[in-house]
Amino acid sequence: MNKLKLLLVLAALFTSQQSFAAETKDKFSVCWSIYVGWMPWDYGDSSGIIKKWADKYDIEIDVVQFNDYIESINQYTAGQFDACTMTNMDALTIPAASFVDSTALIVGDYSNGNDGIVLKDKKTLKDIKGQQVNLVELSVSHYFLARALESVGMTERDIKVVNTSDADIVAAYSSKDVTAVVTWNPALSEITPQPSATEVYDSSKTPGEILDLMVANTETLKANPNFGKALVGAWYEIMEKMQVDSKIRTEMAVASGTDLAGYDAQLATTKMFYTPKDAVTFTADKQLAKTMEYVAKFSFKHGLLGESAPDFGFIGIETPAGIVGDKNNVQLRFDTSYMQMALDGKL
Amino acid sequence: MKRLMNIEPSPALRGFLTLLPFILALFAYSIASEARLAENPHDKLLPSFTQIVDAVDRYAFTENKRTGEYLLWQDTGASLYRIGLGITISAIIGLFIGLCNGLLPIVRSGLSPFITIISLIPPMAILPILFITFGLDELAKVMLIIIGTAPVIIRDMQSQVMQLPKEQLIKAQTLGASTWLVTLRVVLPQIMPRLLASVRLTLGAAWLFLIAAEAIAAQEGLGYRIFLVRRYMSMDVIFPYVIWITTLAFAMDFSLRKISEVCFPWYHQGAK
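Here the protein sequences come in this chain order: R and X. Take 1 as the starting number for the first sequence in this note's numbering and just add one per residue. Take 348 as the starting number for the second sequence in this note's numbering and just add one per residue.
Derived from the structure by calculation, the hints contain no laboratory data. Idealized CB from N, CA, C, for every residue including glycine. Keep in mind that the hints are not guaranteed to be accurate.
To be clear about the criterion: a stretch of chain X counts as covered by chain R if any three or more of its residues have a C-beta under 8 angstroms from a C-beta of chain R, and this derived list gives those stretches [stated by the list, open to error]:
id, segment
1, 456-468
2, 471-479
3, 482-489
4, 563-572
5, 575-583
So, partial list: chain R residues that the calculated Cβ filter (under 7 angstroms) puts toward chain X [unchecked claim]:
id, residue
6, F66
7, T93
8, L138
9, I159
10, V162
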């Protein structure tokens, strides 16, 4: 215990100099974890596209892959990384709720069927009533389930949630105790083909609510706009190439542990914003503010905005269409300016 | 001059030296925590002691708004039940099979190599098989603890029985004791304290498997809570839980040692 604490302290001491530091610098690190919409970062790293863009702006960008998604966000929040991939909800509940002012630099895609609710031997969503539902508690899946229940006039009181690790959810489904799961791809596509499984609800019914972002530390970004420019420039070069070149997609597929067909199937249920135009249009739309309000309400209800939060608007969220919540405490910003630069060819 | 190796600290100095690393660790923590909180008052990585106390109050002494229960005690109850059941069953299995293995060559030749192999399988690597066989409920969590600890206890018990002096066993037999009587009067009394010692040593592994099982699928438990709040980096909750787990583990270890000392004073004579 003591050793652990001491190690933590030493680690914290060691890193506290660099965390939250807003000075200009020329070395940056970015972390990402394996997910269909984030595989381009892996390709950008291995193909040298990110290095090319970093060189253009005379900076260095270190790209680090995490096997554990939550750990990557925690490390970003602790100040170890300048930017990290995460969903809109986790961006609000982890860094923003810790008052690490964060900017959604790139809105990469939204889940359009990549998340689903599967029932065993039951056919409709209403049958979920009274069941135990296995999912990663307090995750996007949990939010998604709450939205689905709302659509059939139920609430979380009508079910019982069992926290289940995402890595084990496929195996969990095979066990006889488990009758309902909420999960995302690739696990989802392993469960749905089983004869007992019916996917009763998927995220294409609430499109544009589960967003996959590249989130950067706002202060770092402000002090070093070149960092943002290099990342966004690299991203849209990869987007352009991956759309037409199946070889690139094969590389991404292999890196995520599947094959081209499997990866393309996951892409089919993911609405990728291949062009900066799509991303800017989506982000600037009024709907995003509404979505973030839902997310904030859900997060508040589950205590994810911190114990001191008096209401769902405690953490302000800035979107191009307006600020959701407290204007004096904005910690999460959707910023289209960098994507706009890509659109205008100014990178 | 006295050699360094012969200097015995006085009781007061010994007490001070015992406390020193704890104090230093707390001190280093408070400095690091203050430094981080000065940068960002809402930093969650190294919460201040006040924040930690608040969290303890919330989890241990305030009713949860949604469920009306005291979370820490509910978690503790669930976890202690699982680890208690798991380690008790492990000890019984370990004693029984280990004793048979050690005493009866015919059982040993059949079981010993098999158990050696089984004990080397990392339980975490066969999780999917465990889920499918035992489901995801309480049974699976207890089974994970048993699978993780029972083989070790069996092997330990077996070697302890085999280390008993042959002369004792032969003498008992010349006095007319049957296998059953030798087991009951010669072997069992001698390996009981060793069983307690073995259980004490496997407690660490048992906690590890308990936390792992609760991280995978659960609705309550100390491990469940830690992995749940880890999602939003509530170190103010994780630290007290870790300290609490350490305390519980220490208390279990301590009470097993005391039981052993009271029941089998002869076993502890050499150590004093």
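How the hints compare with the structure:
{"no.": "1", "hint": "456-468", "verdict": "violated (count 0)"}
{"no.": "2", "hint": "471-479", "verdict": "holds (count 4)"}
{"no.": "3", "hint": "482-489", "verdict": "holds (count 4)"}
{"no.": "4", "hint": "563-572", "verdict": "holds (count 5)"}
{"no.": "5", "hint": "575-583", "verdict": "holds (count 5)"}
{"no.": "6", "hint": "F66", "verdict": "violated (14 angstroms)"}
{"no.": "7", "hint": "T93", "verdict": "holds (5 angstroms)"}
{"no.": "8", "hint": "L138", "verdict": "holds (5 angstroms)"}
{"no.": "9", "hint": "I159", "verdict": "violated (12 angstroms)"}
{"no.": "10", "hint": "V162", "verdict": "holds (5 angstroms)"}
This entry does not satisfy hints 1, 6 and 9, going by the numbered hints stated previously.
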